[in-house]
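J.: Build the full structure now, drawing on both the sequences and the hints.
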Amino acid sequence: MKIGRLNHVGVATPDVKAAAKVYADLYGATDATDAKDFPHLGVRVVFVSVPNMQIELIEPLGADSPIHKFLEKNPKGGQHHMCFEVSDIIAARDAMRERGATVLGTGEPYIGAHGVPVIFVHPKDTGGVLVELMQAPGEGAH
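So the sequence shown is residues 1 to 142, counted in the numbering used here.
To be clear, the hints were calculated from the coordinates, so they are not data collected in a lab. Just so you know, these numbers come straight off a predicted model, no measurement behind them. A virtual CB, placed ideally from N, CA and C, is assigned to each residue, including glycine. Just to be clear, a hint being listed does not mean it is correct.
Cβ-Cβ distance ranges computed for the label pairs, FRET-style [what the hints assert, rightly or not]:
#1 Asp-34 to Gly-78: 34 to 40 Å
#2 Tyr-110 to Gly-4: 16 to 22 Å
#3 Asn-52 to Gly-107: 29 to 35 Å
#4 Val-9 to Lys-69: 16 to 22 Å
#5 Val-129 to Arg-97: 14 to 20 Å
#6 Thr-33 to Gly-78: 17 to 23 Å
#7 Arg-97 to Arg-5: 21 to 27 Å
#8 Gly-78 to Arg-5: 22 to 28 Å
#9 Met-1 to Ala-24: 34 to 40 Å
#10 Arg-97 to Thr-30: 37 to 43 Å
T.: Structure follows, in structure tokens:
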């Protein structure tokens, strides 16, 4: 298993609409989705498209959201994770386990904000960076 392209960088923020405005006003990144709630993930998301990837702005939907905990430590927000595409999410999960990495949660892929299966690899195994692996859109998911 090899990682593919960088799909997005996740940025936690207390307000996705305000953050999207900053990216538009400061950097001219005006190609953004409308805010969308993902109650099963506990987040509200806006994707800001730039030429080579997306920035995923993530706002918590409540105190149970993992983003809420991140914002308690970083009240203004900040980089939360980076996400790479993989051609086979199950093979990627198995490879992470075989290589000694901790796959967070149950270890089973679940549907993320892009509508494809994802897993997260614990930052203790990745140099302090939370890494998301996502099934490449349009490729054969299990």
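J.: Decide, hint by hint, whether the structure agrees.
T.: We went through each hint and held it up to the structure:
Against the hinted window of 34 to 40 Å, the Cβ-Cβ separation of Asp-34 and Gly-78 comes to about 23 Å, which falls outside the hint. A hinted range of 16 to 22 Å for the beta carbons of Tyr-110 and Gly-4 is consistent with their spacing of about 19 Å. The hint said 29 to 35 Å for the Cβ distance between Asn-52 and Gly-107, and at roughly 30 Å that hint holds. Restraint check, Val-9 to Lys-69: a C-beta distance of roughly 19 Å satisfies the suggested window 16 to 22 Å.
Distance hint check: the CB atoms of Val-129 and Arg-97 are about 19 Å apart, consistent with the given range 14 to 20 Å. Taken as a hint, the range 17 to 23 Å holds for the pair Thr-33 and Gly-78, whose Cβ atoms sit roughly 21 Å apart. Against the hinted window of 21 to 27 Å, the Cβ-Cβ separation of Arg-97 and Arg-5 comes to about 23 Å, which satisfies the hint. The given range of 22 to 28 Å is respected by Gly-78 and Arg-5, whose C-beta atoms sit roughly 23 Å from each other.
At about 36 Å, the beta-carbon gap between Met-1 and Ala-24 stays in the expected band of 34 to 40 Å. The supplied range of 37 to 43 Å is met by Arg-97 and Thr-30, whose beta-carbon atoms lie about 41 Å from each other.
In summary, the one numbered hint that this structure violates is 1.
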